[in-house]
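Chemist: Chains A and B, in that order, are what the protein sequence lines are.
Residue numbers 1 to 308, in our numbering, belong to the letters of the first sequence in order.
Residue numbers 1 to 308, in our numbering, belong to the letters of the second sequence in order.
Fair warning: there could be bad hints in the mix.
To be verified - Calculated cross-link-like contacts (lysine to aspartate or glutamate; reagent style DMTMM-like; alpha-carbon spacing at most 25 Å):
| id | chain 1 | residue 1 | chain 2 | residue 2 |
| --- | --- | --- | --- | --- |
| 1 | B | Lys200 | A | Asp216 |
| 2 | A | Lys276 | B | Asp53 |
| 3 | B | Lys189 | A | Asp289 |
| 4 | B | Lys298 | A | Glu16 |
| 5 | B | Lys143 | B | Asp253 |
| 6 | A | Lys298 | B | Asp117 |
To be verified - Here are the computed distance ranges between Cβ atoms for each label pair:
| id | chain 1 | residue 1 | chain 2 | residue 2 | range |
| --- | --- | --- | --- | --- | --- |
| 7 | A | Gly198 | B | Thr96 | 41 to 47 Å |
| 8 | A | Glu252 | B | Ser64 | 53 to 59 Å |
| 9 | A | Asn108 | B | Asn92 | 42 to 48 Å |
Treat the hints as calculated values from the structure; they're not laboratory data.
This structure is a prediction, so every number in the text was calculated from the model and none was measured.
In this text, a Cβ means the ideal position worked out from N, Cα and C, and glycines have one as well.
Number of protein chains: 2
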Amino acid sequence: MSKLLIVGTVAFDAIETPFGKTDKILGGAATYIALSASQFDVKTGIVSVVGGDFPKEYLKNLNSKNINTDGIEIVEDGKTFFWSGKYHNDLNTRDTLITDLNVLADFNPVVPAEFLDTEFLMLGNLHPAVQMSVIKQIPNRPKLVVLDTMNFWMDNALDQLLEVISKIDVITINDEEARQLSGEYSLVKAAQKIHKMGPKYVVIKKGEHGALLFNDDNVFFAPALPLEEVFDPTGAGDTFAGGFIGHLTKSEDISFENMKRAVISGSNLASFSVEKFGTERMENLTKEDVQKRLLQFKLLTQFDIELA
Amino acid sequence: MSKLLIVGTVAFDAIETPFGKTDKILGGAATYIALSASQFDVKTGIVSVVGGDFPKEYLKNLNSKNINTDGIEIVEDGKTFFWSGKYHNDLNTRDTLITDLNVLADFNPVVPAEFLDTEFLMLGNLHPAVQMSVIKQIPNRPKLVVLDTMNFWMDNALDQLLEVISKIDVITINDEEARQLSGEYSLVKAAQKIHKMGPKYVVIKKGEHGALLFNDDNVFFAPALPLEEVFDPTGAGDTFAGGFIGHLTKSEDISFENMKRAVISGSNLASFSVEKFGTERMENLTKEDVQKRLLQFKLLTQFDIELA
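Take these sequences, add in the hints, and give me the full structure.
Modeler: So this is what it looks like as structure tokens:
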């Protein structure tokens with residue numbers, strides 16, 4: 001069984017959408033990534049930090065899904081990272097209301113001994129210096145390193161981010177971020193430029209418009225499943241990334257053909273994540289749910305047309 | 001060989017994009033639809049109107065592509081419909097600079113005798129009263145009637161538009177128009193409501209984000225091909241519609257499975273249309289170009305994933 005190490009935030013989120021609002025609930029990139037990857041039978045560990053206010057039952061719940069939390073440092077006299085946001089009516093845009101870094105401000109990640117030989121490494125959205133520290137702690141390069149990041153680091157820590165980007169295999173960013181990072185409006189051209197920065201594979205997430213996977217001249221597109229209701233988009237991108245790397249870790253196959261399946265798996269899992277507030281849907285997701293919806297993805301995209 | 005009748009504008013366009021600008025060039029919904037459908041070996045006719053200023057060579061050029069122009073009325077002392085627009089930098093939005101209806105203002109469409117038994121009818125974007133007049137002139141209902149329309153008619157002639165919508169089989173509109181027409185933000189819900197207005201099939205065009213085909217509980221998605229350069233989006237939606245109905249007319253098969261292929265054909269042809277100003281790319285398109293790119297669509301979307 002391959003190992004998957006995830007570094008990223010474990011947090012409290014308070015979310016407001018047109019459909020309701022929550023108090024502080026479980027959130028964070030690493031949480032969503034790990035819950036999504038837990039759908040595959042892989043050995044998953046998280047590297048993160050929380051405060052003394054973080055309920056132990058949240059950790060136990062992750063453990064019950066075969067997610068190792070030894071790498072989640074608990075700063076007893078500190079407070080857990082807190083994010084609060086409010087979505088606009090179209091759910092495609094949001095305002096950040098509060099970002100309290102708390103214990104995240106001084107986070108020094110430590111990879112647990114058991115995961116120093118991880119084959120798959122997922123660098124969730126975090127300060128690039130933290131991501132780099134994790135890369136450096138792992139003595140033998142993992143089989144595949146996937147990076148997720150965002151425009152905030154492009155604005156505030158570009159040099160460090162570019163150094164991380166030069167060392168990874170797959171980058172996942174959204175369309176606007178791909179344009180910002182590359183200076184190209186066309187996503188095809190953007191991917192070409194980003195390839196040159198290091199990553200052999202570029203995944204561009206377009207939210208409700210799906211995701212593109214680029215590898216040199218190859219391109220693959222996975223749509224988002226058209227849904228009657230999108231309840232809360234928080235964590236959809238992380239859930240996508242978790243499904244992507246979970247599928248690859250499980251299959252131990254990093255060919256382009258298999259990455260296509262990984263992108264579909266990620267889109268599939270993300271389609272569940274948005275159906276309820278926070279992590280609720282992902283925590284109660286069955287393998288049967290996942291398989292059923294995978295069939296919907298096939299019906300949605302597969303066609304048979306004659307080529308002359 | 002099945003017949004396809006197209007009603008729509010034949011026009012002059014003056015277009016400005018970030019990449020350049022044109023003087024008055026050939027444009028109009030029916031022009032784009034017919035050029036796209038001419039890629040299939042079908043008997044196509046246009047019903048439209050132009051002024052005495054419309055070059056005869058434009059008509060001859062259409063005729064050379066097996067497009068019958070007997071239904072294009074020439075008002076010798078009138079001027080051809082003229083539209084001018086300027087695209088913004090992202091090419092997804094544009095400002096209309098000039099709309100001179102000219103001969104279109106008093107257009108009374110007359111279906112040529114030869115097309116009174118048309119099996120396929122494409123109602124291009126026009127005043128719903130004109131679309132209805134064409135429907136009424138055809139004594140035996142065609143096998144399939146496809147309607148394209150836009151928000152302008154929803155704002156200004158909604159009752160007449162709804163009457164046309166109640167009489168057709170397939171509606172093609174963009175995502176914002178589907179939302180406006182239905183009052184639903186979710187495109188899944190929007191399609192459900194539009195089904196109830198009449199059309200068994202609802203095609204929602206999302207521009208660079210592809211197109212969705214709905215039929216009751218079935219849904220199919222065709223992406224737009226990711227392009228390095230989009231030069232001029234004018235007519236892309238009409239080219240899509242022309243490819244859609246051209247494919248159906250050629251195959252004489254209006255099953256949902258075949259409509260999937262038709263949507264892919266439409267997306268494929270639209271991907272060429274945007275590569276040059278106006279109709280230029282469509283006028284010089286070979287069957288080989290089309291087949292080659294169809295293979296790209298397969299590579300872009302087809303995957304093989306195991307269902308348990």
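Chemist: Decide, hint by hint, whether the structure agrees.
Modeler: Now for the hints, and whether the structure bears them out:
no.: 1; hint: B:Lys200 <-> A:Asp216; verdict: violated (41 Å)
no.: 2; hint: A:Lys276 <-> B:Asp53; verdict: violated (60 Å)
no.: 3; hint: B:Lys189 <-> A:Asp289; verdict: holds (22 Å)
no.: 4; hint: B:Lys298 <-> A:Glu16; verdict: violated (40 Å)
no.: 5; hint: B:Lys143 <-> B:Asp253; verdict: holds (10 Å)
no.: 6; hint: A:Lys298 <-> B:Asp117; verdict: violated (38 Å)
no.: 7; hint: A:Gly198 <-> B:Thr96: 41 to 47 Å; verdict: holds (44 Å)
no.: 8; hint: A:Glu252 <-> B:Ser64: 53 to 59 Å; verdict: holds (57 Å)
no.: 9; hint: A:Asn108 <-> B:Asn92: 42 to 48 Å; verdict: holds (44 Å)
Hints 1, 2, 4, 6, counting from the list given before, are not met by this structure.
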